[in-house]
Each structure stands twice: as structure tokens, then as C-alpha cells.
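Go by the hints and put chain B onto chain A.
Number of protein chains: 2
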Amino acid sequence: MFENITGAQLKSMSLGGLTALCEELRKKIIKYVVQNGGHLSSNLGMVELTVALHYVFDFPKDKIIFDVGHQCYTHKLLSGREDGFTTLRKRGGLSGFPKREESAFDCYNTGHAGTSVSAALGIAKARDLSGGDYDVIAVIGDGSFNNGLVYEAFNSLKPLKTNILVIINDNGMSISPTVGSMHEYLEVLSADAEEQYHKNRRAGIFEKFGFEYDGVYDGNDLAVMIERLKEIREKLKTQSVILHVLTKKGKGYSFCEEHPEATHGIGAGKPSVPAVEYSSVLGEKLTELGAKDEKIVAVTAAMTGSLGLNPFFEKYPERAFDVGICEEHATILCASMAAEGYKPYYAVYSTFLQRSFDEIIIDICSQNLPVTICIDRAGISGADGETHQGVFDLSFLAPVPNLTVAVPKDKDEFAAMLEFSKDYGKPLAIRYPRACTHSFGPVKKVEAGTWEILKEGDGRAAILACGERAIARAFTAAEKAEKSGVRVCIINARFVKPLDKKMLDALKESVIITVEDNMAAGGFGSLIAEYFADAKKRVKVFGYADSFIEQGGIDELMDDYGLSAESIADYIIKSV
Amino acid sequence: MFENITGAQLKSMSLGGLTALCEELRKKIIKYVVQNGGHLSSNLGMVELTVALHYVFDFPKDKIIFDVGHQCYTHKLLSGREDGFTTLRKRGGLSGFPKREESAFDCYNTGHAGTSVSAALGIAKARDLSGGDYDVIAVIGDGSFNNGLVYEAFNSLKPLKTNILVIINDNGMSISPTVGSMHEYLEVLSADAEEQYHKNRRAGIFEKFGFEYDGVYDGNDLAVMIERLKEIREKLKTQSVILHVLTKKGKGYSFCEEHPEATHGIGAGKPSVPAVEYSSVLGEKLTELGAKDEKIVAVTAAMTGSLGLNPFFEKYPERAFDVGICEEHATILCASMAAEGYKPYYAVYSTFLQRSFDEIIIDICSQNLPVTICIDRAGISGADGETHQGVFDLSFLAPVPNLTVAVPKDKDEFAAMLEFSKDYGKPLAIRYPRACTHSFGPVKKVEAGTWEILKEGDGRAAILACGERAIARAFTAAEKAEKSGVRVCIINARFVKPLDKKMLDALKESVIITVEDNMAAGGFGSLIAEYFADAKKRVKVFGYADSFIEQGGIDELMDDYGLSAESIADYIIKSV
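The listed protein sequences derive, respectively, from chains A and B.
The opening residue of the first sequence carries number 49 in my numbering; numbering runs sequentially from there.
The opening residue of the second sequence carries number 49 in my numbering; numbering runs sequentially from there.
It is possible that some hints are incorrect.
No copy labels: a pair is met if it fits in one copy or bridges any two.
Unchecked claim - In silico DSS-like cross-links for lysine-lysine, where the CA-CA straight-line distance does not exceed 27 angstroms:
no., residue 1, residue 2
1, K59, K76
2, K474, K493
3, K209, K340
4, K363, K206
5, K343, K285
6, K343, K109
7, K343, K206
8, K584, K550
Hints in this document: simulated from the structure, not taken from any laboratory.
For reference, chain A alone in the conformation it holds in the complex (with noise of 0.2 angstroms):
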């Protein structure tokens, strides 16, 4: 009935028109999300708020920035994209975030949480500096706004001297529930809304940094949040403007209102929680340490529950923190309870350690104090695409000192090194992907910067293989390769830092091949090749290429951007 209906069009409709609209609109994000996957609560939230802002503002010519960017399925809906849903967050199909690449009416890609309050800025002033004529807006969850980066960007409005919109869309999740005194605050400004609903209430801290503020207000009643926006939307020419508003997670999906931690990101299928995976391993492994050793704590930025650590809070929750999205903060939280000897556990995902790395170099590793990071979601991790490959932590992570960097092999490696950490006593990361999809045998005795043969060779050639995915992939390769009359020798380089010096020396005669699911460049491949590179020695290195890793599934990724088995296989028979 409404299909690929634009922004202009909107604007002759009535209330009755757009309020069937949201219906509709809300109805295709179920299907399209239940059919290919994707972020489903926090789009179902958002429906009329978009709406609305479509309504009264004019994009592409104003813009808009949505913070992380899991809640634009109604932006793209109305901006032309429809029939790119039927790929949504496919190889070369639509992104599940905003992308310039994409849409005009995508100004700025997010991904990471916070950015959006800076880019914002960075908009309007470049808008003042060349004399546009436009608004912009940043449409940012309580779960983001902990980051510090929505601080600093506040810190810095006043400075600027420009105008913007921020929409604080509270709906009190951010993958886990919010916390912190930011989120409490915005709870004490939402407690009496009942009463003071419509009129223009004070918010202190906010006006401190130069906004005038407006809330609290039903983000799901459409005809309020038209209301609001046309009275802003004047006001912007003069002030900043945060607009305070309440939405549902999961709004119209009884499953989602019910599990919105679980429907934060779901496969394509019908929506359900998504099966444990390494995460559990962590999980059930830290409640068991924690039982023998009452100086583990845990740590974590805002995702108890994806990162398998319920079992731990659950049963201590005196040693267990979520420090909401702020991941220096959780970094130098465990720096320093280690400091006092503590043995603090902080599980991250790949790429939003990123965030971390000034921290893990200054705090945790020039002080070399005994920080287990668990690095889930390592290697390509697929639907997100580019700003979630988790495919740069090994080459960050080499070159600082005194960091022991593990990868295991499988989930059981993975309990054998979380065992170990418990007294290793220094700074350790352990990497891993989501899914356990292999097995390897048994587990050798885990000490640091030992590796394991997993299958002997005839001398010709071995395969150094980081974690199960690039492991399972030398096993293909090595079975391909052996049909040529080869025989691979395959290693399980379980530690990337420090490399097992050893067993690299005795494979002096073979050509070495490095497999990790990791850039190329500085990676554990490139520690080998520069460990060999003076020995006249044939050292060849399977990582990933200079270039992003776009949205896709992680095999056919894998495949395309470096590591298929055949181009091992092909690389091995014409060498040896």
C-alpha cells in the first residue's frame, strides 16, 4: 500500500495516513528481519520517531546521524530503499547501518557507539563554514550516550558555536540494560513525565552544556513527536536542542518487548536467542574460576549477555561490572583492580577493543598487570560488515610489550587457556570467533608460546594455522595439497605472542605457509615472515588484504578476501 514511499510524499499526508504508515512500515521490518536477519527491537522503537522526522525535516538536504546505526530500517524505508531489503545485510545487499556509499540520505556511516554527537557537530560547522542552509541531527540511544565520546562532543558545543539537534531515544537497553548515573538521570528527567507531559521541563546538566531540553515524551505517539520537531525545528536556527524522548524496544512484537536483549541482533529465520557458543565456554569456565579464586572479576562494556557472562554475574555479582558502552573506562577498571591483585577478566568483541588500545598499552601493559582480555567475535564477523570485522586485533595487538596473545584452537583450548590465565600472572589476550564449529582433539598443556602439531608432514611443507577457522581451512587445504603427493605437516599456533621459537627453528627445511583470520599486514603472519626473513627462507602469508571487509557471510567472506583452502592448496603444490 505504501510502497517505496519517500519523504516528500509524506508531508501531504494526514495524521491517520502516517499513523497507518507506521503500521505498515513496522510490519515489513518484521518480515524483513525474520527473513534475512538483523537488528529488529531497537528499528521496531523507532517507527514513529522516523516518521516523524521525515515528516517535518527535509532529507537528504538536512541530515541525520543515528548513533551505531541499528535503528535506520524506517530511514531507509522511506528513503528509497525498500527493495534492498531482501538482501539486507547480504553479500552486496543492503547495510544493516548508514552508508554514504549507499543513499544521500546517508551523511555520515556509524557503527561504533557515541560518534554521533561529534559528527554532528563536525557537520554543522562545516554547514556555517560554507553558508548551508540546513539542520542536523543526531539520533542517539541512553545505552550510547555513556560513552565519553557524547561527553567530550558536549563539552564542546558551546566552543563551536553551531546549532544541532539530539535526540535521546531512551528506551532503557543498550544491548543489555543501561546503566550508570547518565541513564539514572535521564530517569529521574523521565520519573514525573506523567504530570508535566507537554510542558517544557529543566534538565540542568544539559543547558550547562548549551542545549536547551525538551522532554520527556512518548517517542511511539506520532503526533506529539511531529509536534515537537516542528516547534524545534525553528528553534534550531538560533540554540541547540537535546529532545528527550521514550520509545519501546521491540515496540508491536510481543517476542521482542519480552526479550529485547535477545532480539537486539537476530539470524535470518524466525526470531529465538541465539545458540552459546564460545561465549558459553567463557561463560561456564569464569563461574568455575571464580568459584577456586575469589580475586577473578569481571568486566564488561555493556553486553553481559552476547558475551556469555550471565552465569558469572549472576553468581557473583559483587565481582562482576558492566560499566555501560565505555570500554576505556572498562579497560582502566581492570588495570587498576589488578593493580591492587586482583585477576580481572574484561570480554570485549574484536572490534570495539579497538577503543581500548591506548589503554591496553598504557595501563595494562607498560604496567604489565595481569588483565585477561577475552576477544570475542574475532575474525570476519560477517552481517555487520566493515565497522564489525573483527580482523585488526592481532596486528594491533603484536606489537605491545609484554602482552601474551593466544588463539585456541577450539572451545576446549579455549576452557585449557582460561584455566591457565588464572595464574599466569601477566597481561594476556585470547581470541576467538563467535561460533564453535570445530574440534581438534585433545587439548596439549596450555604454556605460554608453545605450539602443537596436529598432523605430521613429509618435510616439504607446514601450515601455521591461528584458531579453528584458519586450522579447519589447512586441513582442507593440507587434503587438497596431499592429492598433488604432498604431505602437510599442520600446526596449531596457538600463541601469536610469544611464537614458539622452538618449533619454527626444527621446521627450518619446509616452506612455511601462516593462515590467521586477520589482516595480512602485521599480523601473526607477518611475525613469521619477519622471524625468517633473514634466512633465505619461503615463507608465504594468508591473512587479509589492504582493503575493508564488507557485509557477507563468513565463509564466502573468508573465501574472497584471502583465505580459501584452494589458494593454500594451489600455493603448496606449486612451491614445494
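Below, chain B without anything else, positioned relative to chain A:
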């Protein structure tokens, strides 16, 4: 008169005695810093507050964390380290920062801004968990207070349910004068301090986060400081407190009071404004480019002067942005202005760029936006030690797709690279040390991915060197090697990304030696090692080995950590 006085001895002294002690400490700081170099102004401002802290609290049982750490000299003088001051910031000598390795009085190492409140929370939480009974204090300047980390830490005070004291040492300065709304708010709180003096005043923002606010007081008034701290110490049993004090940067030394920015950090000898160096080339050239192209904007995180940006800021104030110590926000501001057609230049010290790592990947490079990052103080920076060496940037930038990384051979080439950057249209990083000490002839036209042969060889060995320090060592090494009859080719490897593959391929007969003022792991040499890994070619990487680099003279550190010209020459002689 007060040689090596300790906190314990302090407690029995009269106010008169303590006042005399302050004067003597101030004299000592001036004497030692003028002798050895160091941070002068911030330390002179902190004398009375630190004496009061030692008088009231029991260190090292109580714990104190100095944010950034420049201001800890009085604390060091009062904790048995006076003898070390003759070696302040020298190789093997007393650190200019708090150092756990140095004294039990230093509980947490600092160096980068904004970490102290997070660290205090972690330490306090560890205390609570283990049933300890001591106080935890973070001392933070108003400059660091702009950093988002502080907000993240404040935001988790209530959920962590622990008590700390945060002392805001408000002197109106970062290295540059402090900017931003939070600082403006601190000023508002200070404005009527005169009339409200000694009265308990309210500060809504801080109370929202769970602190009791106590301020504003004269931090250079010893009696007031003692009185406040005594009262606060009692309160800390049940409550977290912010103590807001005003101090005078450079207090008691008129040259410093008049030139607080120039005397923030000074070299040995008479305090003076540091000589201009690479930073002055940046300032001059960028101002020149700014006249030709009004799309050029400059961004800094509180270091306008030390990065050389003053001329640009003075000439184009509307296109110049100091956002305070907010490296992440600064990076996104650049990316978003670039998204709207501007050409942002983000100038920053190498060590602080680590804070922008995620935003370089996600905001600048995954959107392929034309931001030029000018990385100052790259390579070993010397006397500040482990937390300030700029030795990771080539490693962490190498794996980032879409990024071009340039390293000028000297200041003329730096100017040419800046000229080149104006219309390059893609993400570009240029890294350089502080001092221009060498010059290597006329500049070959700058094109991305092109190198320059500085000296032809006899085909047996080629040194690929990045940046003036590495090139200088290459020449010295080549000279030594020539005595053994080998004529070494020297190449100015001025682009680390992309590599000059044409030139590399032409070198196939030579032994390759790479030299860089950066970690060996993941740096320039590792890219070369990987490039030739499959070619049975000898490559030798000279970069820093896998350890943190302590404080010292730049040349001695370069020699000792892996870049001595002798070791390069020796390798060449024995390898060809």
C-alpha cells in the same frame, strides 16, 4: 633544612614549619627542573596541596593517583626520592611520572589524560572487595577533566558503590588554556568563590553523579587545604567527594607564571621557550595553504602551541578548533567535516593518537575521507619515558585500509608532503619527530607510494630507511660498511603505505636492510619482510624489539633499543 622529609615526619610539624617547608620544596623543584629539565609550572602550583595531602592522609597506605602525572614532584620529594632528583628524567634515573616500580607511594602509573578517576574507582573497589581500610584519591587538572574517560568513570561511581576523593586542580590550563563547557562550568563555580568562600556550595552536575561537591578553595593556601582535607577524610567513610581547588600554574616563579604554556615542560638549563622544529614547518605551511584553500581546517586536542599551530589559529580562527584533551572527538570532528567537503588537518602527538585508533579505522578510513593526520613526536621522544614514546604508530596504522602513511626525510620534504596533501583527497598520515636535525638535499616530487634513492650502491646491499633519524643512521652505517669495500644503496622510504613496489622489485639482487624509528613488530620492516617472504631473499629489519622503552636521551635510546649504526653496519658487512 628539610632533607628527605617524609609524610610521617610532616604530621608533627606546625603550620609555620609546613609553610617554610613549602617554600623550600618550591626552591628545590625549580633547582632540579632547571638542572635536568622537566615539568615546572604544574609542579610549582601543586606544592601546598601535596603537603596538605601528606599531612592529612597516610601514604602509602592511602593511595593517590595523579592524572597524567606531571604534577607529582612534591609527592616524590615527600616520599624519600629527593636523592633521585639529580637524575630526573635521565636514563635510569627518577621518572617524571608516578611509577609503581619506583616507590610504594606510587600505586598506579599515569601519563595519558583522564585515567585517574577510573583507576581510583578500580583501586577503591578492590579495597572494598578485600575488606581494606584506606582512602583513594585522584588528583586531576581541569584540562584532563575534558576527557571523555572522566565522564565514563563518573557515570559508574554509583553502580560501583564505592567511595573516592577526586581533587580538581583547576589552573585554567591544559598545555594550552583549557576550553569547553565543563571548564566554563568550573569557572562559574569559581566566579563567586570570593564571597562564598569556605561555604559549602552546590554543584548540580557532580551531585547527579553521586559526589558531594566541596569548593572552590585556594589550593595554594596550605591552612585551608589542611582544614578541607581533614573534614573530607571523615566524609570519605560514607561518601565520595569532589574537592575543587584553584591553583596558580608556575606559582612562585615569575617567568613561569607569565609563560605557563611555554614552561609546561622544559629542557635542561635555563627555562626558555622551546625552539621551533617540525611543528613550526606545519604551522607555517598550513597557514600558507589555508590562504590558498578555504576548505582547510585545523584541529587539535589541547596542544595548539606545541604542535606549531599558533600561526594558523591566529590567522584563521574560524577554521581552527581546539577541542580540549579529546582525541577521539577531535578525530570524528575531522572525519565529519571531511564528509562535508572540508580538508581537515588533525595534528597530534604519536602517543596520543593511540586514543584515536578506532576512529581512524571506522570514521576516517572506512569512509575513505580526506583527513590529514600530522603525527608529531613520532619515534622515541626521550625523557618522558614509556608512556610517551611514539613508537607504535607505523605498526597500528599499517593494517588500516585506505590509509596512506608518509614519513618525510626532512623538513623540506615535510613541507612538500603538506603541499601534496591538500589535493590528495584520501586519508593520509604523516609522521615526524620533534626536531629537524638533518637535511637530505632537494625534494623529489611527492607522489603516493614513491621512494627516492639518496645514494646509489654496488647492488649488494640497500638500506630502506623511514624518516630523518633512520636515514641519518643509514648514512653512518653505510660509511662504516664502505670501509669494508661494500657500497650501500640508501633509499628514502618516504611512504610506508603504499610501498614503492617498482623500486622494491628493482632491488631483487640486494640484501635489504630496513631501518625505522618504530617497533619492529608490524612496522615498515615487517611489510618489507612480508613482501619478500616468498622470494628467498634476505631482509633484515632494524626496529625496536619487544619491550617498553624507558626514559633517556633520544640517541642513546635509539642505540640501545636496536637502531645503532654499528649494528646496521655490522650486519651489512657480514651479510654481503
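Verification of the supplied hints:
In the homo-oligomer, the alpha carbons of K59 and K76 lie at most 27 angstroms apart inside one protomer (21 angstroms), although the nearest pairing across protomers, at 73 angstroms, exceeds that limit. In this assembly of identical chains, the alpha carbons of K474 and K493 lie at most 27 angstroms apart only when taken from the same copy (18 angstroms versus 48 angstroms across copies). For a Cα distance limit of 27 angstroms, the shortest separation of K209 from K340 across copies, 25 angstroms, qualifies, whereas the shortest one inside one copy, 56 angstroms, does not. Proximity of K363 and K206 under a CA criterion of 27 angstroms is satisfied inter-copy only: 21 angstroms between copies versus 46 angstroms inside one chain copy.
For the identical chains of this complex, K343 and K285 are inter-copy neighbours only, at 24 angstroms across copies versus 55 angstroms inside a copy, given an alpha-carbon limit of 27 angstroms. Proximity of K343 to K109 under the C-alpha cut-off of 27 angstroms is restricted to the inter-copy arrangement: shortest distance 20 angstroms between copies versus 55 angstroms within a copy. Taking CA atoms no more than 27 angstroms apart as the test, K343 paired with K206 passes between copies only; the shortest distance there is 22 angstroms, against 45 angstroms inside one copy. In this homomeric assembly, K584 and K550 come within 27 angstroms of each other (Cα to Cα) both inside a single copy, at 18 angstroms, and across copies, at 21 angstroms.
Taken one by one, the earlier hints all hold for this structure without exception.
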